[in-house]
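Asks: FYI, the numbering for the sequence shown is 1 to 102, going by UniProt numbering.
The hints are simulated quantities; they were obtained by calculation from the structure and are not laboratory data. All figures in this text were calculated on a predicted structure; none of them were measured in a lab. Cβ coordinates follow ideal geometry from the N, Cα and C atoms, glycine included. Worth double-checking, as some hints may not be accurate.
Distance windows between CB atoms, simulated [stated by the list, open to error]:
id, residue 1, residue 2, range
1, GLU85, SER29, 53 to 61 Å
2, SER18, LEU48, 15 to 23 Å
3, LYS39, GLY16, 43 to 51 Å
As a list, the in silico EDC-like pairs of lysine to aspartate or glutamate whose alpha-carbon atoms are at most 20 Å apart [stated by the list, open to error]:
id, residue 1, residue 2
4, LYS39, GLU85
5, LYS39, GLU24
6, LYS7, GLU41
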Amino acid sequence: MNTLSEKLRAIRTAKGYSQQYMAEQLAVSRSTYIRLETKPELLNISQLLHLSQVFGISPSYLLPDADAGEALYARMIRLESKLEEMMLKMVLVQAENHPRYS
Numbered sequence: 001m002n003t004l005s006e007k008l009r010a011i012r013t014a015k016g017y018s019q020q021y022m023a024e025q026l027a028v029s030r031s032t033y034i035r036l037e038t039k040p041e042l043l044n045i046s047q048l049l050h051l052s053q054v055f056g057i058s059p060s061y062l063l064p065d066a067d068a069g070e071a072l073y074a075r076m077i078r079l080e081s082k083l084e085e086m087m088l089k090m091v092l093v094q095a096e097n098h099p100r101y102s
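Please take these sequences and the hints and turn them into a complete structure.
Replies: What follows is the structure in structure tokens.
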């Protein structure tokens, strides 16, 4: 389960809650709840907190995975290092092939 949308749907169905029930809990129409579940970026913080209360889970469970962010950052640093190394090699090859430096 990666996305917030997947998490919301999975928790709701595991708890046996209907979309109508969730809409009532958030005091919105069913169509609005469906839109929030499929496009969770539309959720405000108050609704996110309320959802976590209704589901009986920590709000942090609904937030993006911090470990995934750290892993992505570490990968970005490794790629940046590789890119610098490749650029240095390109500069050296260009310098070796330039008539002025040969």
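Asks: None of the hints should be skipped; say for each whether it holds.
Replies: Comparing the hints with the structure gives:
no., hint, in the structure
1, GLU85 <-> SER29: 53 to 61 Å, "56 Å, holds"
2, SER18 <-> LEU48: 15 to 23 Å, "20 Å, holds"
3, LYS39 <-> GLY16: 43 to 51 Å, "23 Å, violated"
4, LYS39 <-> GLU85, "41 Å, violated"
5, LYS39 <-> GLU24, "18 Å, holds"
6, LYS7 <-> GLU41, "13 Å, holds"
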